[in-house]
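**Q** Here are the chains, one letter per residue:
Number of protein chains: 2
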Amino acid sequence: MDKLRVLAADVGGTNIRAAWVDDLGNMGDERRIQADLSRDDVGEADLIRILADFFQAYLDDIPGIQAIGLGFPGFFLGDSGVLAASPNLPQLLDVALAEQLSNMLSLPVLVQNDALCAALGEQRFGAAKGEANLLHITLGTGVGGGLILHHQAYTGESGMAMEFGHLRVQTGVSARRCGCGGLGCVEAYASSTAIQAIYAELKGETLTTKVIYQRACEGDAVARRVFEEAGASLGQAIAEAVKLLDIHTLTISGGLLGAWDILHPALMQALNQHLISPLKGKVKVLPSTLNDAAGILGAAAMALAECD
Amino acid sequence: MDKLRVLAADVGGTNIRAAWVDDLGNMGDERRIQADLSRDDVGEADLIRILADFFQAYLDDIPGIQAIGLGFPGFFLGDSGVLAASPNLPQLLDVALAEQLSNMLSLPVLVQNDALCAALGEQRFGAAKGEANLLHITLGTGVGGGLILHHQAYTGESGMAMEFGHLRVQTGVSARRCGCGGLGCVEAYASSTAIQAIYAELKGETLTTKVIYQRACEGDAVARRVFEEAGASLGQAIAEAVKLLDIHTLTISGGLLGAWDILHPALMQALNQHLISPLKGKVKVLPSTLNDAAGILGAAAMALAECD
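Quick note, the sequences are listed as chains S and C, same order. Each residue of the first sequence is one higher than the one before, starting from 1 at the first, in my numbering. Each residue of the second sequence is one higher than the one before, starting from 1001 at the first, in my numbering.
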């Protein structure tokens, strides 16, 4: 077949997901394997073997794949495809992931940070289609970010750019402690972990984010306030990023999008309150149109660009 | 004469300064004219005429100039040389400064934001010589910033990138009011204006920054604390920028460099306290080696690059 198709994959905490993607963003033949890549006995050879075996089996079954794109939770320098470090796999440093996989599979392999892949997905196929500059924020158990500048993935000097979740939005004694050890990070207010913890402190009940959101919709004022404050914290952190980067398009994906109707107005109010005057009103913050497919479609976008 | 020389100029609030610069960073034949470019009756034609007359007189007297570089307090989109807007001259919008001057003077003319010129100066001739990525901070009556990424001046989508002075370092009721109208901006703690205001509030005396620094050196604990808190605020704001940009080299210029021996340790302590773990210890913050010549040498760097 002549149609351009790539294999795109997304490595999560406990599973790896793959599908083919074509240049229109169509996906098919999705597969998942369970693979716990956060165990501390996973060595470099294990990681490469798990990925290569999974991809090879896919390639054996599905014809016409011309390149492979992979989103991985770790730090990558530029478009080198070298995993500099990964918080989940601290024992692995400077792993030439793309090069080793490419040699084993005899196809071009592109690898990038997972949040950055989500940004690339939104830019090629999603809410920010065609934008040259994009800050994409992932709202899940944590808060992550991926930045595209002048159509290029921006990784920083050590692959650790866009630690958006650790921007500070509160100072002083009442600031909440973040998982990173810092005080007042936006992740301590606007992640689902934070929403559950804050609600539990205020109401004495530990509930899922979804149930807290349902309560907010049913008139629970505390539940609503927790989401509004999450939105306001996000808006404040986005204002800081915009003051530095003068970037006008942001997209947001992740589980918390379910509460967009409460989050978004609070977010926009705080954003425009905290921006300097000439930037007020210039910034749009869009919900992802791809959501949990953003990462896999961004991995595909890298592979497709390699084939163009 | 064969040696490559450019005319470089820097527009300040009340005067314009120009000198020739060669490709080794030597400067000579410096001239200044008084010109109040913050008056609201200065039109586009006036601005162009003032600059063109000053440059033409210089070119008539000094032979061998091959291009002109200009640092200007305003917002420029990319390397277009178009002044999008200027806080000092709000009546002027979208002025094709570089193009008009180039047509009148029959030489290439490059124009860029003044803080960004200072960054370019430090990168070509100063403390950050040869760095691909640099965040330069100017500490004067206000706090400004200029960013270089991958050897390119970064201006953002509307020329307003690096509003570093308006990053928030304090939230809550005790946060200080900034000149921009916001609360808790780093400029409200770490500019010379702020240092004078804070010292006056604490001690009831309005003194120059220089005298406050002398008092700090002579054992005035309040004076010392004001500089230490300015340094800590700067370190905190730098941490925010580094968390987003993963940039490892910063330079600082401006009048407050005179207090570097107090500012720098406080700054580095706060910076490393607020950075996420993997970035701690990776970031160097250097005093400018060019100081008030940084802007003019950066303007020269743009013009020299045009001739290369």
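Watch out, some of these pointers could steer you wrong.
As the list claims (entries may be wrong) - Restraint-style ranges between C-beta atoms, simulated for each label pair: (1) Asp46/S <-> Gly1181/C: 51 to 57 Å; (2) Thr1206/C <-> Glu218/S: 54 to 60 Å; (3) Asp1308/C <-> Asp46/S: 46 to 52 Å; (4) Ala1132/C <-> Leu93/S: 20 to 26 Å; (5) Cys1307/C <-> Lys280/S: 50 to 56 Å; (6) Ala1197/C <-> Lys280/S: 23 to 29 Å; (7) Gln56/S <-> Gly1181/C: 42 to 48 Å; (8) Gln91/S <-> Glu1218/C: 52 to 58 Å; (9) Pro1287/C <-> Asp40/S: 56 to 62 Å; (10) Asp1036/C <-> Val173/S: 43 to 49 Å.
No wet-lab data here; the hints were simulated from the structure. Glycine is no exception: its CB is placed at the ideal position from the N, C-alpha and C atoms.
**Q** Now tell me, hint by hint, if it's right for this structure.
**A** So, going through the hints one by one against the coordinates:
no. : hint                               : in the structure
1   : Asp46/S <-> Gly1181/C: 51 to 57 Å  : 56 Å, holds
2   : Thr1206/C <-> Glu218/S: 54 to 60 Å : 57 Å, holds
3   : Asp1308/C <-> Asp46/S: 46 to 52 Å  : 50 Å, holds
4   : Ala1132/C <-> Leu93/S: 20 to 26 Å  : 23 Å, holds
5   : Cys1307/C <-> Lys280/S: 50 to 56 Å : 40 Å, violated
6   : Ala1197/C <-> Lys280/S: 23 to 29 Å : 26 Å, holds
7   : Gln56/S <-> Gly1181/C: 42 to 48 Å  : 60 Å, violated
8   : Gln91/S <-> Glu1218/C: 52 to 58 Å  : 54 Å, holds
9   : Pro1287/C <-> Asp40/S: 56 to 62 Å  : 43 Å, violated
10  : Asp1036/C <-> Val173/S: 43 to 49 Å : 47 Å, holds
Hints 5, 7, 9 from the list above are not met by this structure, while the remaining hints are.
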